[in-house]
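Colleague: Residues per chain, in single letters:
There are 2 protein chains.
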Amino acid sequence: MGGGGITGLNGVRLTPLATIAGSQGAVMHVMTSAGPGFHGFGEAYFTTVDEGAVKGWKLHEQLVCNLVVPVGAVRFVLYDDREGSASRGQFEEAVLSPDDYRRLTIPNGVWFAFQGRAHGLNLVLNLANIAHVDGEQRSLPLENDLIPPYAF
Amino acid sequence: MGGGGITGLNGVRLTPLATIAGSQGAVMHVMTSAGPGFHGFGEAYFTTVDEGAVKGWKLHEQLVCNLVVPVGAVRFVLYDDREGSASRGQFEEAVLSPDDYRRLTIPNGVWFAFQGRAHGLNLVLNLANIAHVDGEQRSLPLENDLIPPYAF
Chain A
1 MGGGGITGLN GVRLTPLATI AGSQGAVMHV MTSAGPGFHG FGEAYFTTVD
51 EGAVKGWKLH EQLVCNLVVP VGAVRFVLYD DREGSASRGQ FEEAVLSPDD
101 YRRLTIPNGV WFAFQGRAHG LNLVLNLANI AHVDGEQRSL PLENDLIPPY
151 AF
Chain B
1 MGGGGITGLN GVRLTPLATI AGSQGAVMHV MTSAGPGFHG FGEAYFTTVD
51 EGAVKGWKLH EQLVCNLVVP VGAVRFVLYD DREGSASRGQ FEEAVLSPDD
101 YRRLTIPNGV WFAFQGRAHG LNLVLNLANI AHVDGEQRSL PLENDLIPPY
151 AF
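Residue numbers (this note's numbering), protein chains in the order written: chain A, 1 to 152; chain B, 1 to 152.
Heads up, some of the hints might be wrong.
Said to hold, decoys possible - Across the chosen pairs, the derived CB separations fall in these ranges:
no. : chain 1 : residue 1 : chain 2 : residue 2 : range
1   : A       : S139      : B       : L140      : 46 to 52 Å
2   : B       : E83       : A       : E93       : 38 to 44 Å
3   : A       : E61       : B       : E136      : 36 to 42 Å
4   : A       : R88       : B       : F152      : 17 to 23 Å
5   : B       : G89       : A       : S23       : 26 to 32 Å
6   : A       : E83       : B       : Q137      : 20 to 26 Å
Claimed, not checked - If you want the ones that stay clear, here's a sample from chain A, every Cβ over 10 Å from chain B, calculated:
no. : residue
7   : A26
8   : K55
9   : E83
10  : P141
11  : P148
Claimed, not checked - Short, incomplete list of chain A residues facing chain B, as computed with Cβ under 8 Å:
no. : residue
12  : L14
13  : G25
14  : M31
15  : S33
16  : H39
17  : G42
18  : F46
19  : D50
20  : A53
21  : L123
22  : A131
23  : Y150
Calculated directly from the structure, the hints in this document are not laboratory data. Quick caveat: nothing in here was measured; it's all calculated off a predicted structure. Even for Gly, the Cβ is constructed at its ideal location relative to N, Cα and C.
Chain A on its own, in the form it takes in the complex (with noise of 0.2 Å):
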């Protein structure tokens, strides 16, 4: 099962994974209902991410997304605005890959945009505790008011 490391952010997990290599071809763990960050399965989905895009900014009211790159390398950016939370007002960086192969859980009602880094694929998998929810998620382009200028 592993331990799962809290980060900065109030909520926000990186749980490192095992990658069991074989004779044939590997396995990777991605999650179980009795690890860390489990909130329940709605929804799994892939998406991917061009070097150098940026898919953001995005929010859940309810969805937690609990997520694993197993191509190429991903970077996320978390902003916290929730009120009342004691991180509120700050950002966290973590870069997901095959390389450095961890699940990032983010609760909902944090901000988070997300960059391809590698040459090719990004393959992002999304282990949602939800499905999907017309009007449950909020969007705002990268310069806005609310979220702080971010170098990507």
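Given chain A, put chain B in place with the hints provided.
Modeller: Showing chain B alone in chain A's frame:
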């Protein structure tokens, strides 16, 4: 959600999945808890299989596999030896890839093996209804006395 095609072997299902292209990358559906083939969530993991290599035969007594291939191409071969099954003694084969993007649901009790078919990475995601349990999986070599010979 999509329909989800019933296939030759009893309980096996191939569900077509959407890929939505975007200006910065794509989104590829995998599974929702309300969609066809969902039997609960216990564990997610990736398996890779080298080109030409075959992993199998395997059988899960309890675990239901939901398999997608977001990178490369993987050939799955299934064999039904379930007592009382209308399709007992039959094989079924399906090749999964991003170009023919589908989810393969393999019920517990069905033998399966899978082979890498592309150069480079062949990546399989399994969304399993239960987490790993020792003793729940059976294995046979490709040549055995139970499953008729198959030309991989």
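Colleague: Are the hints correct? Go through all of them and say.
Modeller: Outcome of the hint check:
The given range of 46 to 52 Å is respected by S139(A) and L140(B), whose C-beta atoms sit roughly 51 Å from each other. At roughly 55 Å, the beta carbons of E83(B) and E93(A) sit outside the given window of 38 to 44 Å. The hinted range of 36 to 42 Å is satisfied by E61(A) and E136(B), whose Cβ atoms lie roughly 38 Å apart. One distance hint, 17 to 23 Å for the beta-carbon pair R88(A) and F152(B), is violated here, with the actual separation near 57 Å.
For the hinted restraint 26 to 32 Å between G89(B) and S23(A), the CB-CB distance of approximately 31 Å keeps it satisfied. In this structure the supplied range 20 to 26 Å is violated for E83(A) paired with Q137(B), their Cβ-Cβ distance being about 48 Å. With a least CB separation of 5 Å from chain B, A26(A) falls inside the 10 Å interface cut-off, contrary to its annotation. Not every C-beta of chain B lies more than 10 Å from that of K55(A), the closest at about 6 Å, which undercuts listing it as non-interface.
Even its closest Cβ contact with chain B, about 30 Å, leaves E83(A) beyond 10 Å, as expected for a residue assigned away from the interface. Against chain B, the non-interface label of P141(A) holds: every CB pair exceeds 10 Å, the least being about 13 Å. Here P148(A) stays apart from chain B, with its beta-carbon at least about 22 Å from theirs, past the 10 Å limit. For L14(A), the interface hint is violated, since its Cβ never comes within 8 Å of a Cβ in chain B; the closest pair sits about 17 Å apart.
Checking G25(A) against chain B by beta carbon gives a least distance of about 4 Å; that is within 8 Å, so the hint holds. Annotation: M31(A) was flagged as interfacial toward chain B, and the flag holds, the nearest CB pair being 5 Å apart, inside 8 Å. Taken as an interface hint, S33(A) checks out: its beta carbon lies about 5 Å from the nearest beta carbon of chain B, inside 8 Å. Proximity of H39(A) to chain B is violated relative to the hint, the smallest CB-CB distance being about 11 Å (cut-off 8 Å).
Interface restraint check: G42(A) against chain B, minimum CB-CB distance 5 Å, threshold 8 Å, status holds. Here the hint on F46(A) is kept, as its CB sits about 4 Å from the closest CB of chain B, short of 8 Å. Among the interface hints, the one on D50(A) holds; its C-beta lies about 5 Å from the nearest C-beta in chain B, closer than the 8 Å criterion. Evaluation of the A53(A) hint against chain B yields a held restraint, the C-beta minimum of about 4 Å falling below 8 Å.
Look at L123(A): its Cβ gets to within about 6 Å of chain B, closer than 8 Å, so that hint holds up. A hinted interface residue such as A131(A) counts as satisfied when its beta carbon comes closer than 8 Å to some beta carbon of chain B; here the least separation is about 4 Å, so the hint holds. Hint status for Y150(A) relative to chain B: violated, with the closest Cβ pair at about 17 Å, above 8 Å.
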